[in-house]
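Number of protein chains: 2
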Amino acid sequence: MSFDFDAWLSTQKTRVESLLDQRLNRVATHAPARLVEAMRYSLMAGGKRLRPILVLAFADAAARATQGGGEPANDAAVAVEMIHTYSLIHDDLPAMDDDDLRRGRPTNHKVYGEAMAILAGDALLTDALASVAGGPGGRPEVRAALTHELAYAAGARGMVGGQVLDIAEDRPAELDYLVRLHRMKTGALLKAACRMGAIAGGASTEQLAAADRFGDSIGLAFQIADDVLDVTASAETMGKPTGADADAGRHTFPAVVGLERSRALAKEHAQAAVSAAQAFETTPGALAALAVYSVERSN
Amino acid sequence: MSFDFDAWLSTQKTRVESLLDQRLNRVATHAPARLVEAMRYSLMAGGKRLRPILVLAFADAAARATQGGGEPANDAAVAVEMIHTYSLIHDDLPAMDDDDLRRGRPTNHKVYGEAMAILAGDALLTDALASVAGGPGGRPEVRAALTHELAYAAGARGMVGGQVLDIAEDRPAELDYLVRLHRMKTGALLKAACRMGAIAGGASTEQLAAADRFGDSIGLAFQIADDVLDVTASAETMGKPTGADADAGRHTFPAVVGLERSRALAKEHAQAAVSAAQAFETTPGALAALAVYSVERSN
Numbered sequence: 087m088s089f090d091f092d093a094w095l096s097t098q099k100t101r102v103e104s105l106l107d108q109r110l111n112r113v114a115t116h117a118p119a120r121l122v123e124a125m126r127y128s129l130m131a132g133g134k135r136l137r138p139i140l141v142l143a144f145a146d147a148a149a150r151a152t153q154g155g156g157e158p159a160n161d162a163a164v165a166v167e168m169i170h171t172y173s174l175i176h177d178d179l180p181a182m183d184d185d186d187l188r189r190g191r192p193t194n195h196k197v198y199g200e201a202m203a204i205l206a207g208d209a210l211l212t213d214a215l216a217s218v219a220g221g222p223g224g225r226p227e228v229r230a231a232l233t234h235e236l237a238y239a240a241g242a243r244g245m246v247g248g249q250v251l252d253i254a255e256d257r258p259a260e261l262d263y264l265v266r267l268h269r270m271k272t273g274a275l276l277k278a279a280c281r282m283g284a285i286a287g288g289a290s291t292e293q294l295a296a297a298d299r300f301g302d303s304i305g306l307a308f309q310i311a312d313d314v315l316d317v318t319a320s321a322e323t324m325g326k327p328t329g330a331d332a333d334a335g336r337h338t339f340p341a342v343v344g345l346e347r348s349r350a351l352a353k354e355h356a357q358a359a360v361s362a363a364q365a366f367e368t369t370p371g372a373l374a375a376l377a378v379y380s381v382e383r384s385n
Numbered sequence: 087m088s089f090d091f092d093a094w095l096s097t098q099k100t101r102v103e104s105l106l107d108q109r110l111n112r113v114a115t116h117a118p119a120r121l122v123e124a125m126r127y128s129l130m131a132g133g134k135r136l137r138p139i140l141v142l143a144f145a146d147a148a149a150r151a152t153q154g155g156g157e158p159a160n161d162a163a164v165a166v167e168m169i170h171t172y173s174l175i176h177d178d179l180p181a182m183d184d185d186d187l188r189r190g191r192p193t194n195h196k197v198y199g200e201a202m203a204i205l206a207g208d209a210l211l212t213d214a215l216a217s218v219a220g221g222p223g224g225r226p227e228v229r230a231a232l233t234h235e236l237a238y239a240a241g242a243r244g245m246v247g248g249q250v251l252d253i254a255e256d257r258p259a260e261l262d263y264l265v266r267l268h269r270m271k272t273g274a275l276l277k278a279a280c281r282m283g284a285i286a287g288g289a290s291t292e293q294l295a296a297a298d299r300f301g302d303s304i305g306l307a308f309q310i311a312d313d314v315l316d317v318t319a320s321a322e323t324m325g326k327p328t329g330a331d332a333d334a335g336r337h338t339f340p341a342v343v344g345l346e347r348s349r350a351l352a353k354e355h356a357q358a359a360v361s362a363a364q365a366f367e368t369t370p371g372a373l374a375a376l377a378v379y380s381v382e383r384s385n
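Protein chains in written order, with the numbering used here: chain E, 87 to 385; chain H, 87 to 385.
Please keep in mind that the hints were generated in silico from the structure rather than gathered at the bench.
Take the hints with a grain of salt, since some may be wrong.
Over the 10 Å line for every Cβ pair with chain E, so calculated as not near, a few chain H residues [what the hints assert, rightly or not]:
(1) Leu106
(2) Asp185
(3) Ala259
Rough simulated footprint, nothing fancy, chain H against chain E, three-plus residues with beta-carbon under 8 Å [unchecked claim]:
(4) 174-186
(5) 214-225
(6) 247-256
Some chain E residues well away from chain H (every beta-carbon gap over 10 Å; in silico) [as the list claims (entries may be wrong)]:
(7) Gly190
(8) Thr291
(9) Asp302
(10) Val314
(11) Glu346
Quick reminder that beta carbons are idealized off the backbone N, C-alpha and C, glycines included.
Take these sequences, add in the hints, and give me the full structure.
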């Protein structure tokens, strides 16, 4: 019987949402209620949960040969989704993309106001890193390594740096620049998710290098597929207005290299991720399926 | 010969500014130049550097009996100032306090625009925690502990939570509420600075508890003194408009309990910090002097 990816994905999503809920409840015991409500509004708004699922999948895959990913993997999974969510809240602000809708619902600042949206984002980022560094269970050296992976990937040399490149006025319409931008803006966090799972699961040096390659490839595959979907999918399927990238004058892969070349590039990168997964899976399993899913999804 | 506090403070400030500069240079090697420029603009704008100096002073004081604070103490000192700076950048935003001036210069968003100011703040916060978690040198368990101290203090249960209480519309004009607000908004980070220094310096359990009491007391003393200065000092001395708290309808200690009672409260808390310092200093030294300075400064 082949691997039932849909059932597995659904189980993982439920697992992640339960962990996110527990995390919010822990923060809520000593934080202002309105702040926690704003954090919860965006964190529990659904979404694919791809980043935390990557953490758990790599931890599980690596842990077959060694110890389980345990609490550090759970905390890292929650944290990467909290950081992804904070980045969406800040990106949606009027000073940035000025978006009113996210996942079919009003954006955070539309509901809670700009000040609270800024602070909810700040808190999601900060408390994400607090829990990875200091949660219970696991060895401190693993927690220090996971925290560094995540914070480095999310900072000026990763996600935030990529966002700066994305809003720069003088950005060139070139493939090299797009690839660099997205390696930082979305790729760094996806790669950190894979690496954190591998580290928490006790991966070998070779496996960690493969997780790195997988993360880099799936990051580009995912972003190119996103750009393609923005052109081809309907607003209903995506839960947000489509064609928005072009309207915003944003350079996309289809705009720079065309739709067909973009599709081919996405597939190439997904295939590279499938190959990298072989360091963890002797027969194609969850990791290979996730690589394919990154480009074949409909939203 | 008694302890020359002014000379010591000046030396420590130079030491901190050199560490901050080194840190920015390290981030700059892999981050967009404009982002690093915006980070540098606010991080190198001067200021008392009280938080990093507290880290280093506690590390040095604790290390007399054990090992030196070393790289983890330096990284924690830099990080707490980066996080303090990020909080000022975000607090000054139009959606928050909407301030045009900070330390006598235009605020970050006035120079770089709102989007970049949000991102510069995000990056300062994130990379601060990255360097504490993953800098070179020191034991990983110390780095994990320091990162957790700092992130917990800066998050929803600390500084960000306090900022939410400060902008709440229904905040009562009561001393208890003010104390709770400032324990979170400014106190948590000051306390974390003291605790991080103690931890990096290898403090005993008793010393760590004393660092905690010192931090709590100096946090309140410092904030009450700030409120008093806002009423009594000239704009020139403060480098920002004074009387601004009252204009903004913000509850302050003088407004809630009067000027004389506020001064007495600040002194009480400073005295409690002086007492706590005795766990580290057999004769009054840098820590005791810092406690007195927190209420007797002129800006």
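Cross-check of the supplied hints:
Chain E leaves H/Leu106 outside its interface by the beta-carbon criterion, the shortest separation being 14 Å against a cut-off of 10 Å. Every C-beta of chain E lies more than 10 Å from that of H/Asp185, the closest at about 13 Å, which supports listing it as non-interface. Once the 10 Å rule is applied to beta carbons, H/Ala259 is consistent with being away from chain E; the minimum gap is 18 Å. Coverage of the region 174-186 of chain E by chain H holds [criterion: at least 3 residues with CB-CB distance below 8 Å; count 4].
Judged by the Cβ-Cβ criterion of 8 Å, the region 214-225 of chain E is covered by chain H as claimed, because 4 of its residues qualify and three suffice. By the rule of at least three residues with a Cβ nearer than 8 Å to a Cβ of chain H, the coverage given for the region 247-256 of chain E holds, with 6 such residues. For E/Gly190, the condition that its CB be more than 10 Å from all CB atoms of chain H holds, with the nearest at approximately 25 Å. Every CB of chain H is more than 10 Å from the CB of E/Thr291 (nearest about 18 Å), matching its label as outside the interface.
Residue placement check: E/Asp302 keeps its beta carbon more than 10 Å from all beta carbons of chain H (closest about 15 Å). E/Val314, annotated as away from the interface, keeps every beta carbon of chain H farther than 10 Å; the closest lies near 26 Å. Distance check for E/Glu346 against chain H: the nearest CB is about 31 Å away, which clears 10 Å, and the non-interface claim stands.
Figure legend: structure checked against the earlier numbered hints; every hint is met.
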